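Undergrad: Chain by chain, the residues:
Number of protein chains: 2
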Amino acid sequence: MYGLIGKMTAHPGKRDELIAILSEGIRDMPGCQIYIVATDPSDPDAIWITEVWQTKEHHQASLQLPAVRDAITRGRPLIAGMGPYTETIPVAGHGVRRAG
Amino acid sequence: MYGLIGKMTAHPGKRDELIAILSEGIRDMPGCQIYIVATDPSDPDAIWITEVWQTKEHHQASLQLPAVRDAITRGRPLIAGMGPYTETIPVAGHGVRRAG
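Protein chains in written order, with this note's numbering: chain A, 719 to 818; chain B, 719 to 818.
Treat the hints with care, since some could be wrong.
Since the list can't tell identical chains apart, any single copy or any two copies may satisfy a pair.
Below, simulated EDC-like cross-link-like pairs (lysine to aspartate or glutamate); rule was C-alpha separation at most 20 Å, straight line [stated by the list, open to error]: (1) Lys774 with Asp758; (2) Lys725 with Glu805; (3) Lys774 with Asp761; (4) Lys725 with Asp761; (5) Lys725 with Asp758.
Hints in this document: simulated from the structure, not taken from any laboratory. Fair warning: this is a prediction, and the values are worked out from it, not measured in the lab.
Excised from the complex, chain A in its bound form:
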C-alpha cells in the first residue's frame, strides 16, 4: 500500500475551479483505492488531498493517464503552492463508499 497526504494552495478565488478539474482527473485510475479532496475552513484557498494506492507504481503510472495529464495541464496555472506533502504507508482503516 502507498499513500499520500498533501495540501495544495490555489491562487485566490481559484480553489473551486481547481477542485472541479481534479475531480474529473481522478476518475478511473487503476490501483487507486481512495482519493479524497477536501477544503479547509481555516484557509479559503487550501485543498487537502488524501490518496491510497495499491502500490507506489500504480500512483506513478497514473500520472501518464490522459485524463490525469490533462488535469495537471489545466490545473497547474491555478496552483499557488504545494505542501506540506507526506508519503505514507496505509496500514489500517476502512473506506466503505464514495466520499463525495
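Got chain A; can you put chain B on it based on the hints?
TA: Frame of chain A; chain B shown alone:
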C-alpha cells in the same frame, strides 16, 4: 461532510501498539465513511490519520462509543504528541473498498 487529517506521534517504539489499539477502536462507528491509518517512512514514530464523516456530530458522538473510549484510555499513554491537525470539508473523491 466533515473530515479530519492529523498526525499523531507515539513514544519511541510504541507506534505499532498504538496503531493496533486505534484499529480496534474504529470498528462500527456510525456515520464514519472513511478512516485511514498510515505510517510515515520519514518518521518511525508518526501516525497519519484521515477521517471522513457524514457530519461533525457523528464524529463527536463517536467519542462516546465504548470501543472508542476504551481505545482512547489505552492509547493515550502511548502518545507523545498530536498535530498538525486540520478539520476539513470533504467535497469530492472516491473510496472504493477497505483501505487495509
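Undergrad: Compare the structure with each hint and give your call.
TA: Going down the list of hints, with the structure as the test:
no., hint, verdict
1, Lys774 with Asp758, "between (27 Å within a copy, 14 Å between copies)"
2, Lys725 with Glu805, "both (12 Å within a copy, 13 Å between copies)"
3, Lys774 with Asp761, "between (30 Å within a copy, 18 Å between copies)"
4, Lys725 with Asp761, "both (11 Å within a copy, 19 Å between copies)"
5, Lys725 with Asp758, "both (10 Å within a copy, 16 Å between copies)"
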